[in-house]
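**Q** Below are the chains, spelled out letter by letter.
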Amino acid sequence: MANDLSVGNLIRSFGDFTAVDNVSFDVPQGSFFSILGPSGCGKTTLLRMIAGFDEPSSGTITIRDQDMRGVPPNKRPVNLVFQHLALFPMMNVADNIAFGLKRRGMKSTEIVRRIEAILERVDLPGYGKKQIRQLSGGQKQRVAIARCLVMEPSVLLLDEPLGALDLKLREQMKVELKKLQAKVGTTFIYITHDQSEALVMSDHIAVMNEGRFEQVGSPRELYSEPQTPFVARFVGDNNVWSGEVVESGERLTVRTGEELLFTTRSHKSYAKGSRVDLFLRPEALRIEPTDTNDLNTFEVDVKTILFDGANSRLLTVMPGGHELLVSLPQNRQFDHIRPGDRILLGWHPDAGLCFKV
Amino acid sequence: MKKITLLTAACCFFMATAVQAETLKILTWKGYAPQVLIEKFEKDTGIKVEATYSNNEEMIAKLRATRGAGFDLAQPSQDRISSVQEKYKIYQPVDYGKIDAKLFIPSMLDAVKANTKVGGNSYAVPFCWGTSGLIVNSDKAAEADDWNALLDPQYKGRISYRLKRPTLIAMGYALGYDPFALYSDAKGYKEMLDKVAEEMIRTKPLVKNYWANGDALLESMRSGEVFVAMAWDNGGWKLHDENKAIDFKAPEKGALGWIDTFAIPAKAKNVDAAYKWINFMMAPENAAYFTSQEKVPTASLGANAHVSAEVRANFDRSFPKETIDNIKWYPPVPAKLEIMEGKILDKIKAAK
Amino acid sequence: MKSGFRLSFWLFLAPVLLWLFLLIVLPHIDLLLLSFRGENDMGDLVWTIDNYKNFFIEPIYWYTFVRTALYAIVTTLCTFVLALPVSFYIVKLARPRTRGFLTVLLLLPFWVSELVRVYGWMILLRESGVLNYFLLKTGLVQQPVEMLYNDVTMIMGLVYTSMLFMVVPLISAMESLDDSLIEAASDLEASRFTILRTIIIPHCKPGITSGAIVVFMLALGNYLTPNLMGGKNSLWFTEQIYNQFIASFNWNQGAAFGFLLLVLSSCIIWVGLKLSRHRLGEVAA
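Protein chains in written order, with the working numbering: chain A, 16 to 372; chain B, -5 to 346; chain C, 6 to 290.
Excised from the complex, chain A in its bound form (with noise of 0.2 Å):
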């Protein structure tokens, strides 16, 4: 499949400073692209420089195989969703969303039936006469986005735009965007530090840090097998322990600090001695389990319960004061847990994955 856009060793630099250090990545045409990362690893920046408002150091930036180098933002096929949308307050919705057309100096009869027919793609029917104050968050959203998609781009930029919603909006836009971007099909390139809004709309997540991709890879993939330790802590949840390698093979024997022996597995095997962190998922823990073999097993003492409905957790402490995460299935099982309760714990070694420190 065709690459709608290709990076290729992309650098910027400030001063000292390298804000976007030797980026290179592809999407390919119709997908759902995130890049996802903490503020300030860089990816606005790199947005930026996709979108004409900055310029690389190095590197190439293309598009549709047409180089973008030189090319002002005016005349790139490109759109950006601003993080605050950027909808022009002196106008209309219709106005709004007609100001890209006029300036490709389209016909007035024929800008009037694709602002109807991309208002009715957003599901605003009949809102061009709306002034913008006069729109809801989630609808301002939208509008935002119709103004870019009715200049068909090839590539649509969004840089985090559900950030400035509440969260009962934010979960509810999440699914439409995915369904819009499906019903249109255009590209997709989504900015955001919110793991959770990246693992449910993309296609492809890159996981950056301090100016580098770490990861690229399918939500699924950069859950289960995360290929660093920074993409093990920042996309979902994790329980962290250090500790010290001391046996090596196809499976590794980790020494916890809490003088615990935990059999689990690595993506390169380390030598006896070497420094390690061992990450396991929350939902990974099985409580009180009632065959123990192959498993490691430990108890711990019940902090507090977490309640989020299908989401609820248990806070459990180790006797070494080490706190970890453990998810409650829901079936109702573990109803009689109570805080100050001890349970034992226990994972199976595939669950678990080390990275040498």
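A portion of the hints provided could be inaccurate.
Calculated cross-link-like contacts (lysine-lysine; reagent style PhoX-like; alpha-carbon spacing at most 25 Å) [what the hints assert, rightly or not]:
no.	chain 1	residue 1	chain 2	residue 2
1	B	Lys158	B	Lys322
2	B	Lys198	C	Lys237
3	A	Lys145	A	Lys122
4	B	Lys184	C	Lys58
5	C	Lys237	B	Lys158
6	C	Lys58	B	Lys181
7	B	Lys92	B	Lys270
8	C	Lys58	B	Lys341
9	B	Lys184	B	Lys198
10	B	Lys83	B	Lys19
11	B	Lys243	B	Lys315
12	C	Lys58	B	Lys330
13	B	Lys42	B	Lys56
14	A	Lys144	C	Lys210
15	B	Lys341	C	Lys237
16	B	Lys134	C	Lys142
17	A	Lys122	A	Lys90
Over 12 Å on every C-beta distance to chain C, these chain B residues come out as not near it, computed from the model [claimed, not checked]:
no.	residue
18	Lys37
19	Leu145
20	Asp172
21	Leu176
22	Lys238
23	Asn273
24	Ser312
No wet-lab data here; the hints were simulated from the structure.
Virtual Cβ for every residue (Gly too), placed ideally from N, Cα, C.
Chain A is already provided as a structure; the job is to place chains B and C on it using the hints.
**A** Frame of chain A, contents of chains B and C only:
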């Protein structure tokens, strides 16, 4: 208690301002109250002098606005007193008994008395006199010797004059009228003004600018931007000191002579000090100091002996006997003329 | 409690009202009465509207007013065209430190009086002035050129004098303009000029309107600059008022001109606001 203290303090403050040294407020022309003489007067009498600089029109406007209050002494030109006094009553009659008549050239004192007479009283005594004529750069405009030079195409772009009433009168002379004779004939004067306006509008391209500030005019003459200008004699003499080619020239048809006076505003607060100042300024050595500084002769009898030789040389050079006899002295201006002249001046300025 | 508030409210308001009344309303009433007085043929003062009639009958008077108003409008437009990029640079492009410096630089000419500023220009532009000296030295001209005493120079002088009063409201209007709006417009394929026309100017409209009113009134009411730099043809309406008061001793006519200036300039501003679909209250806020 506190209130009483405050009140006493306030009273003391007002008293202090009241008993503070006597002051004399003079409304005059720039240069007419030299700092050296002010200091000398303050030392002699203990009266503080505050001078405000102005010109004829503004002097009248200021006094008219306050109906003659705010100043103890004014120095308008003699021809601008009688009609103004008749209409606005801004001056009080001069008590000639308080004037030391011995200090004045008798003929000038009499002339000013006669010219400022309104209803049996006279309102001014002479201070100094001078003329308006031409300042000519003889390197560039040797032949300029009469008012016509101001209309002469060969000095295109090198002519400058003020857009004020003396210029209208000078132009009247240039065109062969006798403006002062027409003062009493409003219709004839209007005809002359119309002709003057027509001529001045026609020759507008010849004029570099209408000067408004004396120092600025002198600078334009000095730098050679202007060859012929209508201006006061003392300006020409100042330039002559720097550049012998530039000098004042009395026009053949006669320079326009003015006399500036002392007149006492109707509501003057410190009349005694005003008379003291008049007598002080007219003392020969003080008048001579003023003349040497400003190159303006005064009505002081015997001041000439104390005037510096160069200043006297200027005067002798520009004013031989027959030139002095030919000076056209401004007679008192009838009231109606000034509105007429104002319209004409606006018309000239607005014309393309 | 409520009456206490009312009392203190009036107590604080009283000096303001008194000040307004004594220093602004009273003198204007006096001037208004003055403008309806005039002398009849016998030289007696009578009530008359001749002073107002004169303005419309005598071509010089209304011609001067029209000329003054037109030049004031031209000055306002020129000032706007110059001030827009300057304020844009100061607000959006300059670094914060340079910004303060530039603002001070704009303010600097206003630390000296208008007279000094105008004489500064005269020294630069006169025939024997600084600019001509360099032009002659470099051989660009053979003969010195007189750059003073014409309408172009006069307008330049007026623009220079009023720059600040346009830049300051523009700066404060532009500060509230979100950069991302400009970027969004650029992203939607707008050229620089289109961005200026469709985004920046509409956003700055309140600032532009208030700046334009101030500059227009300043230019219309200016006396020194047209008088000194404009030279031979530049009869300004304020000069005519001055002449009536000072040179012709005709206070009645001068007062009538003063009121005509007030009324006519208010009309021009009203028309301007109508054209730009603004209300005065919005501008003041």
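**Q** Could you run down the list of hints and mark each one as holding or not?
**A** Right, here's what the structure says about each hint:
1. B:Lys158 with B:Lys322: holds, 17 Å
2. B:Lys198 with C:Lys237: Holds, at roughly 8 Å.
3. A:Lys145 with A:Lys122: Holds, at about 22 Å.
4. B:Lys184 with C:Lys58: Distance of about 22 Å is within 25 Å: holds.
5. C:Lys237 with B:Lys158: Within the cut-off at roughly 13 Å; holds.
6. C:Lys58 with B:Lys181: holds, 23 Å
7. B:Lys92 with B:Lys270: With a Cα-Cα distance of about 9 Å, the restraint between Lys92 of chain B and Lys270 of chain B holds, given a limit of 25 Å.
8. C:Lys58 with B:Lys341: holds, 18 Å
9. B:Lys184 with B:Lys198: Distance ~20 Å between Lys184 of chain B and Lys198 of chain B Cα, so the pair holds.
10. B:Lys83 with B:Lys19: The hint holds at about 19 Å.
11. B:Lys243 with B:Lys315: Holds: Lys243 of chain B and Lys315 of chain B sit about 14 Å apart, inside 25 Å.
12. C:Lys58 with B:Lys330: holds, 20 Å
13. B:Lys42 with B:Lys56: holds, 21 Å
14. A:Lys144 with C:Lys210: holds, 22 Å
15. B:Lys341 with C:Lys237: holds, 12 Å
16. B:Lys134 with C:Lys142: Cα-Cα ~24 Å, so holds.
17. A:Lys122 with A:Lys90: Holds. Lys122 of chain A to Lys90 of chain A sits at ~20 Å (cutoff 25 Å).
18. Lys37: holds, 34 Å
19. Leu145: Given that every Cβ of chain C is farther than 12 Å from that of Leu145 of chain B, nearest at about 15 Å, it holds.
20. Asp172: At roughly 23 Å from the nearest Cβ of chain C, Asp172 of chain B sits farther out than 12 Å, so the non-interface label holds.
21. Leu176: Consistent with the label, Leu176 of chain B stays out of reach of chain C, its closest Cβ about 19 Å off (over 12 Å).
22. Lys238: holds, 20 Å
23. Asn273: holds, 32 Å
24. Ser312: It holds; Ser312 of chain B is separated from chain C by about 26 Å at its closest Cβ, greater than 12 Å.
The structure agrees with every numbered hint stated previously.
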